[in-house]
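Heads up: the sequence lines are chains A and B, in that order. Residue numbering for the first sequence follows my numbering, starting at 34 and increasing by one per position. Residue numbering for the second sequence follows my numbering, starting at 13 and increasing by one per position.
It is possible that some hints are incorrect.
Unchecked claim - With a straight-line cut-off of 27 Å between C-alpha atoms, the simulated DSS-like cross-links for lysine-lysine are:
1) Lys42(B) <-> Lys233(A)
2) Lys166(B) <-> Lys190(B)
3) Lys233(A) <-> Lys272(B)
4) Lys120(B) <-> Lys233(A)
5) Lys19(B) <-> Lys42(B)
6) Lys185(A) <-> Lys276(A)
7) Lys272(B) <-> Lys190(B)
8) Lys233(A) <-> Lys105(A)
9) Lys237(B) <-> Lys166(B)
These are calculated hints, taken from the structure and not from any lab test.
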Amino acid sequence: MSGRVVFPNKLLPYLLLAPQLAITAVFFYWPASQALKQSMQREDPFGLQTTFVGLANFRRVLADPNYLNSVKVTAVFSLSTAFLALALALPLAVMAEKVVRGKGIYRTLLIWPYAVAPAIAGMLWLFLFNPAMGTFSYLLRANGVAWDPLLKDGQAMGLVVAAAAWKQISYNFLFFVAGLQAIPRSLIEAAAIDGASGPKRFWTIVFPLLAPTTFFLLVVNTVYAFFDTFGVIHAVTQGGPGKATETLVYKVYNDGFVNLQLGSSAAQSVILMGVVILLTAIQFRYVERKVHYG
Amino acid sequence: MAEVDLKAVRKRYPNGMEAVKGVSIAIPDKALCVLVGPSGCGKSTLLRMVAGLETISEGEISIEGRVVNQVSPTDRDIAMVFQNYALYPHMKVYDNMAYGLRNRGTPKAEIDRRVREAAATLELGHLLDRRPRELSGGQRQRVAMGRAIVRQPKVFLFDEPLSNLDAKLRGQMRVEIKRLQRELGVTSLYVTHDQLEAMTLADLLVVMNAGEVEQAGDPLEIYEKPASIFVAGFIGAPPMNLIDPASAELSGPIPAGAAKLGFRPEDAILDGFASEGGLKIRAILDGVEPVGAESYLHAHAPAGGARMIVRTAGRARMEPGTELEIRAPAEKLHWFDAAGRRI
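In isolation and in its complexed conformation, chain B is listed as follows (with noise of 0.2 Å):
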């Protein structure tokens, strides 16, 4: 039962800056846990805690219940994917492979069988004897991951390790990590700034920002509650349209307190009618982003000059310039105080 435990860790460095300010996570066993937010937010800074790559200032991190504060990297059973792969450049893939586990003084025999099954595993048998400098980015990928698999860890970590991909073999290897976590019930932490990303991998996803954790739980119902502006505009992509109440026509009840009012662009509706209680906003289209099955309306308010966005299905025609009566459902709008907090 690998089970990951992060109780109030704090990361000060010597100048006092605070990187991770008090952040308690729970990760369940076999779970893969995915720590969005944006650059500088603390989400690697606290992955490399759990690799002990850096110092825990405060706080405490514990793999299957033991206390690893001040457990070296090495003995904490964990295999780290790096976003530049730190694959080693003077050894084959074999060798690259094999490393860690010739470092535990595994058989020999015992690393050929893990190493080959590992490699059929990531299809990378045909390149066992090549140098990783003769691979492309995918297959050092491929290796990178392989490295960590054949160790057979409690822990997984992953630093970004989809980012110096393009986008479809990205989009591939997403999919493949995912079905890989599944079948090896490795419990794992993926750091990633791809909200994409974030959304599709995870088990439990935690959102940070400026080193704290602003939610965690279930990708989708963060999506469907987020429980601040801030995660409301970072999660869901475009991000979700965030206006002043008083800009609005709204029929039906304002909570107390409500200082900004968010809808998604996928709930907004251009023509027909919205339910009781719904919103009605004009707006001035600012241009049309097709792409494809679907597009992408930029519009602003008149009143207030708030920027929206609409998803509407297939191709909109429309000259920049044009009117539009946007209505969102009342069920689908999210209200938030003057902090930014959900109400």
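Next up, chain A with everything else stripped away, as it sits in the complex (with noise of 0.2 Å):
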């Protein structure tokens, strides 16, 4: 029992815990429950009246095609952002540990990028590649690329990953180089001396041990692609060309926001919700029992 803290008035714990309850309930609590009653109510197009429906907001939603390719495009969208951002953030953490003068610029300039916000991030890329304007559009278009992410999905799809990606490399990047210095050296040397080369002792051992930090940052970027990307493609495509790039966080947005179909939205972010809730419990469980080797 040592270590446990009496308070002497029964009152104080709760009021010292009060400003943080409140945040959450105001911001987490009222707005999700607000979304569960909506997603099971229509509203008339006045919005005058609402009628409770049930299920049918649900049983619509899932049965739009619009919205199964919503799905797809996510999938796809947060697959290769994920991807990305993992695999170009292992290689940079693993060649600043070689850096042996000025390690703590090019840790600091790798890091950077994390400090810029989603929706200018998309602003940067899109000047860069627009296509009317952008200094790597002329480019592409010069050496015979026929670069236009307005009008073509793939081009679209490609531009918002990247940016999306390119801002969460400096987060894995952080990582990586956190988990690489876990890993102690003589391992390292002695595979050195048990004959295996440089790439060899990347694969055998060190990505093996790099693993717990892989995994996590698997999870993290993952959510990251599903939940903070909506900057991002709300400044680069907003979307389009046609649905090409509408993610599921973008469709609630765009039905509920621009098309004013409430009852659909507040059903589709009940169903982000549980998405959430999935990953996190997944990320909460493997944190937990984080692998531990040695």
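Using the hints, put the two chains back together into the complex; each one sits in its own frame.
Next up, the structure:
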């Protein structure tokens, strides 16, 4: 029982917790319950009447080919973003570890993009690759690439994936650097003496030992790609061309605030909430039972 | 004939610090050479240079007559046992031992035979399917040894391999390492700061201090004829007593230039007579350390205050403050000059 604090006043502990509880209640529980309520209602076009419709909104959403398309787009977008962000951050971290002089400067510079807001990151990429005025668009066209993300699905997807991944690389880089530093030097030396060449050493010793970090980042990056990339998509493609880059989060916004189908939008966000809870549960379960080596 | 030859080897760091200052050692084939010295004396650096984990600033290291200065650790045909064992935590014991062989493209059947053979030698047979974290410290140490053995390298390198074990296990493993090294006949370089380990293991003992070799040779010879005050104080536990010759009564000639006089705790006699030309010094007892079969008397000289330790057989029952008359025979005295060198 040592270390347990006993408050003299029974009310005090609740008062101390109150601000945090209030914030959670106002910004999470209340909107979440509203969404849950709305997802089972239908509103008339003028917002004068609401009727309870049970699970009808959910049924309609899940049967909607546009929604299913959005699920597919989200899957492609999230996996590509997570994979790209991880695949680029790892070599950067490995190289930054090898730098002898000015290690700190390299690291700082590589971490900076994380400080850029998603919408700004999107705008940066938009300007660079805008078919009308982008520098890279000019270079691409000069080299015979028919570059037009405003018309071509694949290119639009590529652009948002690149912008979203670019921002996340810094975050992953930071974790990979920490993960690499946690690997004892003597293991690498032992592997060198055991006759493993550089790449072999990496794939048989370093990479397996980074597995806990990589798995953690995979979950975090997927969650990021799912929910935190609204700004990027809104700035770069607005879900277009057509619905080629309309992810689930973007569709919630579009249906709710642009098309004013509140019931459908609420149902979608409830589904999304379920997905977040699922992903968070996986993450927590993982963090709790972090793979312990050695 | 895997002899290891170090010629005027130096290690200088970019910041100008010199860790190894021109060390030359010739380790004969099949010999076990122990580098011993206090921490920071450069012994580990020297070992890592032989392993190829540190670059050589100056000088030459050759293994079996081939200069290896520019050869990578992979191609030196050495095996190393690390202080923290450096076992691959994500691999089973079997794979830990097989890793080095697989990297060198050894046929599967041959790998299996060698791993099982080494496991049998080290009594690891029942642990092959475990991971390192499921093993005790002593077992991990054995796996580290096994990993070195299966490779059948030209040279074994040991970097304080026993320092993470408890005293009892350390004693056992010491004997085992010596036995294995004899049986396999592999030239070995062994680094330790434990002088007992050094004395018992070494065929060739190298005492290092501040990046230089203080003395190299047969361990008992070093014990009996330490080349300097440093060696005299480092080899032997408890260390040699060192006093100012002027503070003692000496019957017999004092060598020219003598500045310090040393005698080992076990050569001191409390009662009875020392031989002709011996030493006699008065001392006050500070305390008794009984270790069972023998006791160590800690005392200091009233003149000059030099601290001394005397070993006596059995259990000494004496009160602190007792006045002692310590004698030592002439042939057991060690003389050192003002620079600390043996006369």
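Comparing the hints with the structure gives:
For a cut-off of 27 Å, the pair hint linking Lys42(B) to Lys233(A) is broken: about 32 Å separates their Cα positions. With a C-alpha separation of about 17 Å, the suggested pair Lys166(B) and Lys190(B) falls inside the 27 Å cut-off, and the hint holds. Proximity of Lys233(A) to Lys272(B) is assessed by CA-CA distance (about 58 Å); at most 27 Å being required, the pair is judged violated. In summary, the hint linking Lys120(B) to Lys233(A) is supported, as the alpha carbons are separated by about 18 Å, within the 27 Å threshold.
Taken as a hint, the Lys19(B) and Lys42(B) pair is honoured in the structure, with Cα atoms around 19 Å apart against an allowance of 27 Å. Proximity of Lys185(A) to Lys276(A) is assessed by CA-CA distance (about 11 Å); at most 27 Å being required, the pair is judged to hold. Distance restraint check for Lys272(B) and Lys190(B): the Cα-Cα separation of roughly 36 Å exceeds the 27 Å cut-off, and the hinted pair is therefore not satisfied. Straight-line distance between C-alpha atoms of Lys233(A) and Lys105(A) comes to about 36 Å, which puts the hinted pair past the 27 Å bound.
Between Lys237(B) and Lys166(B), the direct Cα distance comes to roughly 32 Å. Violation of the 27 Å bound is thereby established for this hinted pair.
Comparing the model with each earlier hint shows violations of hints 1, 3, 7, 8 and 9; every other hint is respected.
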